[in-house]
Amino acid sequence: MSMSESYYLKQQDTEGRVEARAKVTGKGKYAAEYTVDNLCHGVLVGSTIPSGRIIAIDTEQARQVTGVIDCLSHQNRPLIPGFSSAEKIKESGFGLPIFHTDKIHFKGQPIALVIAETLEEALYAAALVKAEYEEAEFDIDFDKKRQEIALQESGKERGTLEAWKQAKHVVEQSYSIKAEVHHPMEMHATIAAWTAEGHLELHDKNQGVNNVQQVLAGLYQIPKEQIHVVSEYVGGGFGSGLRVWPHVLAATMAAKQVNRPVKIVLTRPQMFVSTGYRPASWQRIRIGADEQGRLLGIHHQAMNGTSTYENFNEGITRVTRLIYDFPNLKAESATVPLHMNTPTWMRGPGDCTGDFAVESAIDELCYTMQKDPVQIRLDNIASVNHPDNKLPWSTHFLKECVTQGAKMIGWEKRSSQPRSRTDGDWHVGYGMAVGMWNASRGKASAAIRMTGDGHMVVQTAMTDIGTGTGTGMLNIAHDVTGIPKHQIHIELGNSNLPPAPSQGGSTGMSSVSGAVVAVSNALKLQLAQYAAKSNPGFNGVSADEVMLSADSITLPDKANVRIAYTDLWANNLLGQIHVEATSEPGEERKKYAFCSSAAHFCQVRVHQKTGKVKIDRMVCVADGGTVINQRAAANQMSGAAVGGIGMALMEEQFVEHKLGGLIADDLAGYHFPVNADAPIVEVAFIGKPDPNINPSGAKGLGEVGIIGTAAAISNAIYNATGKRLRDLPMTPDKVLLATPS
Amino acid sequence: MEKKNSYSRRFFIKASAALGALALVPKYVSSFYRDIKALIVPVKEHINLTVSVNKKPYTMQADTRSTLLDLLRENLQLTGTKKGCDHGQCGACTVHVDGERTLSCLTLSAMTVGKEVTTIEGLSEGDDLHPMQEAFIACDGFQCGYCTPGQIMSAVACVKEGHTGSVEEIKAYMSGNLCRCGAYNGIVESIQKVAQHETI
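As you go down the protein sequences, you meet chains A and B in turn. Yeah, the first sequence ends on 741 if you go by the numbering used here, and it's all consecutive. Yeah, the second sequence ends on 200 if you go by the numbering used here, and it's all consecutive.
Hints are computed from structural coordinates only; laboratory data are not their basis. Remember, predicted model here, so these are calculated numbers, not experimental data. Idealized CB from N, CA, C, for every residue including glycine. Please note that a few of the clues may not be correct.
Unchecked claim - Covered stretches of chain A, going by a simulated chain B footprint (3 or more residues, C-beta under 8 Å): (1) 19–29; (2) 117–126; (3) 288–301; (4) 633–640.
Just chain A, with the same shape it has in the complex (with noise of 0.2 Å):
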């Protein structure tokens, strides 16, 4: 990246979001929602065990229901190319071959799925298939099933296990984390129809249209050109978009067997079992310090869930490299592989899991040492260079996260002697905690088209999951070339326009940023180009001399040099300007490493009869570099908060051991948090530019505003009641039955 590519926004929006009035009228259209002619309803029908292999499919009943057009199963389903041998399902990468296997590897694995006309009927038809089924042995008890399983190393050791084994403070805990499932409010749902020449055409709720694309040309082995996406509207994702998983696939497969459009919307107890989970884990921690608190070692143990057919690895110890700069670490990791769904990546992946159990250990080490959890932080985050590659910090505030915080919260009220504040039946207690995130960026192109009129069209095929990245774009757009934002539009979710990654990791706006940056920049020197035709003031200008207002280009500098669109665009003879450009990371990325962090504060109150917890106040400082648009990443912020809250406190995949599958597996069963389970969360930034991480200095926020999170509530707890609770989530019962230790 070179320093004149360098922008930062020089103003805040103050107006609502690019879709805002789409969204409030009903109008956008989600994946389900584009009315398809000749359209029929696919419902996909589970597997009623866990463990085995299917001997026969009875589909002659559901046959029989009016408007029942097909029922696809492994027995009749058209072949996929990909799939068409051992090994190329294996090279796929995808996971679990839908109808192409007899192999049951989970309760609820699609094992076929009923075509008709009308939903009711693909319903109802959907509960008359049957299966026989030779069962086999399962195993879905994570905490049984990981006592078999080998720890190994996970990342290269510093120092030794050995040089503080005389440390003055030590703390060794476990902790456990029951599996979380993504659930976005939009079910995931595809529209697949294929075109007479072979093409597919697809409206599908994901996080990323390229990947869409990608996956399926390659099981289809057709060039990605044949495949369109379009995920224009996505009713957020969490991580559950970054995959293509069975069911869009399954659609795809409907749609050319019955030669029309096909129609899937999993149901809310499909979702449980369809696109992924973050998965149950099991850490242990080891944590030392001398008598000044100075962290002298951790030793980090970790384990999650994985399935049976696939393997993975969340990372959770990924984060202890992060933070603190521990001489002595030593890392190990493993996976428990289980008789559910494969698990994913879920928001904040592994970094949240494990800043639980690390925040939650120094917390305790601050009691063991009776010193204040936020010096203890001030004193032993790493500020300057990464702890692990030791490349220096390209900008790092986590510091001033936690100062601010404490300040917000009003720190000094809280008592450094556990269970010694109540206010009627209530305990109440502070807790804090501290979490980062790699700030990453990928290549991502945009395009602009501009007409004589002085209105233009940003385009991306980045998806929008409701983090903002269309306000992000039009706000960017607006500061480089200085149209005003009512002639700027915004295009995006879609494969047709220049590509761009998959949104997650925090990565969205740290990568389309710069796509923006550098297509405005390149639509700037384009105009001056036929400018300088007419008037020798535009020749060889850079970029950041020339700005466009609602009418003219002009050079702010040189007031008389300004040329009306209506005759430039006359005086050329043009129709549309299109410009395009990508933006990738480059040698910064060897000079520097890049973070976000958060600092999360919390009051709570315990009840000392029910257990209940209940949060007062929830504060969040973070630093993501530039804050592009004030309002939503703030809302970001706090919903990320609320997801944490939800960690913490009520989220749990229940699995039942007896006949290995989900229970209570709907959104009465599986508690997230409501309006009145989550204060009004209050957020600030630090605010300051990353000046070399991308154009527009902005970090991504995505995922740390979830990370430390649950630490910091499990930490007031224990300010609260002397009860240190290692296992998530921390429900009533768990809270009741504690011993103050």
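Following the hints, put chain B in place on chain A, whose structure we already have.
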């Protein structure tokens, strides 16, 4: 459930055997029971239905099983009303029936005859937005936007019901509408904004 007129031979034999053998062969009772159960499920019925949605009458032949939610989304293409769970657990499908907030996924369409259904598409007229829609834009009361129509329909009712006395009261009376993005800050702020304006 309505069956096709022509039955396959296999199906016929299986069905007769099921009926005949039920009392005689206890060992197979459970599997035969399943078959018979499938046979005696009520036949599919259509009814001639007129529902008034957003002050416009729609007359159609509807499946008696259709929920108001599926009728709106699949038959009338009014997709502003969202399906988030189909079980009355999330509130995304909230509409107004005769002015009261109602979960359209738990309402059979046949139950709305003679009633007035208002969806997000009918909350305001023409290009004007309802004050609650304006407030959701101004307060950024959403992220992904999927639960938003349901939140707005509930929010309008929440103000009308007078449950806006405090942040806690708003939160309690808006807790039937889940938002996984966690945009609760902005949702509460939007409602406060509209409630304040209405009381002035």
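- Check each numbered hint from earlier against the structure, then list the numbers of those it violates in ascending order. Checked against the structure, the only hint that fails is number 3, while the rest are satisfied.
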